[in-house]
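Assemble chain R onto chain D, guided by the hints.
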Amino acid sequence: MSANQHSLLLDRGNLRRRKRFNRAVEATSTVATVLAVAVLAIVVGSVLLKGVGALSWHFLTTPTALFGESGGGISNAIVGSAIIVGIAAAMAIPIGVLVAIYTTEFASPRIAHPVRFALDILNGVPTIITGIFVFGLLVEGNKQSAFAASVALAIVMLPIVARTAQEVLTLVPGSLKEAAKALGIARWRTTVRITIPTAAGGLITGALLAVARVAGETAPLILLSSIFGQGVLTKPGEALASIPIFIFQASESPKPEAHTEAWAAALVLIAFVLVLNIVARAFYARSRKRMGA
Amino acid sequence: MEAGALSNPVLRARRNLTDRIGDPLLRGLSGLAAALAVAVIVGIVYEVIHLAWPAIQRFGIGFLTTNDWNPNPLVQRFGAAPFLYGTVVTSLIAILFAAPLSIAISIYLTELAPERVRRPVATLVDMLAAIPTVILGLWGILVLGPFMRDTIEPALNSVLGFVPIFGGDPSAFGYLTAAVILTIMATPIITSVTREVFETVPGDLKEASYALGATRWEMVRQVVLPYSRPGIVGATILGLGRAIGEAIAVAQVIGGAYLINASLFHTGGTLAAQIASQFQNSAGLQKASLAYLGLILLVFAVIVNVIARVIVQRGGIKDIDVTETEAAAL
Chain D
1 MSANQHSLLL DRGNLRRRKR FNRAVEATST VATVLAVAVL AIVVGSVLLK
51 GVGALSWHFL TTPTALFGES GGGISNAIVG SAIIVGIAAA MAIPIGVLVA
101 IYTTEFASPR IAHPVRFALD ILNGVPTIIT GIFVFGLLVE GNKQSAFAAS
151 VALAIVMLPI VARTAQEVLT LVPGSLKEAA KALGIARWRT TVRITIPTAA
201 GGLITGALLA VARVAGETAP LILLSSIFGQ GVLTKPGEAL ASIPIFIFQA
251 SESPKPEAHT EAWAAALVLI AFVLVLNIVA RAFYARSRKR MGA
Chain R
1 MEAGALSNPV LRARRNLTDR IGDPLLRGLS GLAAALAVAV IVGIVYEVIH
51 LAWPAIQRFG IGFLTTNDWN PNPLVQRFGA APFLYGTVVT SLIAILFAAP
101 LSIAISIYLT ELAPERVRRP VATLVDMLAA IPTVILGLWG ILVLGPFMRD
151 TIEPALNSVL GFVPIFGGDP SAFGYLTAAV ILTIMATPII TSVTREVFET
201 VPGDLKEASY ALGATRWEMV RQVVLPYSRP GIVGATILGL GRAIGEAIAV
251 AQVIGGAYLI NASLFHTGGT LAAQIASQFQ NSAGLQKASL AYLGLILLVF
301 AVIVNVIARV IVQRGGIKDI DVTETEAAAL
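Protein sequence lines, in the order shown, are assigned to chains D and R.
Using our numbering, the first residue of the first sequence is number 1, and each one after it goes up by one.
Using our numbering, the first residue of the second sequence is number 1, and each one after it goes up by one.
Chain D extracted, bound-state conformation:
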């Protein structure tokens, strides 16, 4: 072989420089990914390490202690969060699915497109603004309530539920709907008995993701349900404690004991949210498989 051919085959000069640069970029990309995963590990690890010590049966089943005292638990916050998020889900999930049914089954593209756009805009509205809206609507001149918080969380959930529902409803094979139509079955019957059951997995995914998203939502709750009485309260008409508000208030406290309790509550919340996310993904994967997508 001549020397000329050699220079083409070996990493010399320009090629060497190019390959070196390529390796640098590859290394940077890998490091960036490792960094992102490491941050997740560090945050979840911090919560786990610092929270697990304070987590006990007593902590989960005792209401928050009087202001300025420690040794209480979060039972009132767990109950309050369950009520607030439960009512929000009961409002947002049916309405969200209905919106999706309207845009995918009934509306012409000229109407469906603006509705979709409106949902995207609604999703981009900062949650603190949603809080101000519901404050003006229900709390001003009145008092804070868990119901008001539920309305705000329902507004946050609505675009998430509706958009994922739209996505899966369009995945339902057209042949199924056509078959029903050929049998002379009315549209509403097709929707209720065929389209929705076929898409059920994806609809549940959207609902679970939306619940996971608002379970940790804090900003609207500060405005709508942050000043509450002692003990485990259950009336939606009055302000109720919640886990995010507990974490927020404890994190602002200067006392180390409060911080430990905040970590423990954070552990409860993060476990709930991550488990819900994993379950949602499992449902989605199953539903896609079923629809052959």
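Bear in mind the hints are in silico, worked out from the structure with no lab data behind them.
Computed from a predicted model, the values in this text were never measured in an experiment.
We treat Cβ as the ideally placed atom computed from N, Cα and C, and that holds for glycine.
Some hints could be false.
[Claimed, not checked] Which residues of chain D face chain R? A few of them, derived with a C-beta cut under 10 Å, are:
no.: 1; residue: Glu140
no.: 2; residue: Lys235
no.: 3; residue: Leu269
no.: 4; residue: Ile270
[As the list claims (entries may be wrong)] Capping the alpha-carbon separation at 16 Å, the derived lysine to aspartate or glutamate pairs in EDC-like fashion look like this:
no.: 5; chain 1: D; residue 1: Lys143; chain 2: D; residue 2: Glu238
no.: 6; chain 1: R; residue 1: Lys206; chain 2: R; residue 2: Glu218
no.: 7; chain 1: D; residue 1: Lys50; chain 2: D; residue 2: Glu257
no.: 8; chain 1: D; residue 1: Lys177; chain 2: R; residue 2: Asp23
no.: 9; chain 1: D; residue 1: Lys19; chain 2: R; residue 2: Glu218
no.: 10; chain 1: R; residue 1: Lys206; chain 2: R; residue 2: Glu111
no.: 11; chain 1: D; residue 1: Lys181; chain 2: R; residue 2: Glu115
no.: 12; chain 1: D; residue 1: Lys177; chain 2: D; residue 2: Glu105
no.: 13; chain 1: D; residue 1: Lys181; chain 2: D; residue 2: Glu105
no.: 14; chain 1: D; residue 1: Lys181; chain 2: R; residue 2: Asp23
Relative to chain D, chain R alone:
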């Protein structure tokens, strides 16, 4: 069974009747739900303006440039400038970090990573978006803040201290700590969109580039990045929208000062964080001024979102459901 039932004329008549009611009923109900979603947006705009009205009348447009926030009953002078500044500075820094980071992660996930690890690692990055922001804020107060004060900020100060933004005393709470928290929030959102866009790049374009002797980076630079540009820009602006609107985590770590300060280490405030920390304990003109801050934030957020979605859709990437992505992508 059903067919047998239908051969009965009475049952068939009943079914016809339910169908006559059922179709318009479902159409009407679902149409009502869609109208409700649109009405909520109108309601939000109306209610925020309504609550802000006293402050709008009192301060007018000058509110935007007033560098003061004084709730003292004898003074009652409020302005948005410190919080506008804080919002812009923290979210721009966050995007400056998050956008390149997200592009690098997407390159790794679509071009470099072995097939087996792609999905799990992508899921882990998505999970970062699922962490409730109040927990990120808690972590910011107790872990990140002290680390910034003791390690990062002194290092920045000793090297770049002659630049005013890196001057001043390191502190656990301030613009920079908030920007880092926002970076952590924005990165998974930008990544999940850019990753999906990268995956839509046609394989034959990539192969053509390799066949011409391009290295992997040259292929990415000449094929993947130009092809994905609208998606990348749209994703970045979406991340920006998220960073602008975050109230809680920022309120926890920014420290809550009412004046513009040149040093990034110094405490400050943002529009959203100021509302979150003061709204429930305010009244009268102060509450109206906070709603005015909310109105500015709302205008910001809507503009940013509209731009992002138009860019993403213009780029021909219709299938990317950004809403779903933000809820921790599937």
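Kindly indicate which numbered hints from before are broken by the structure, ordering the numbers from low to high.
2, 11
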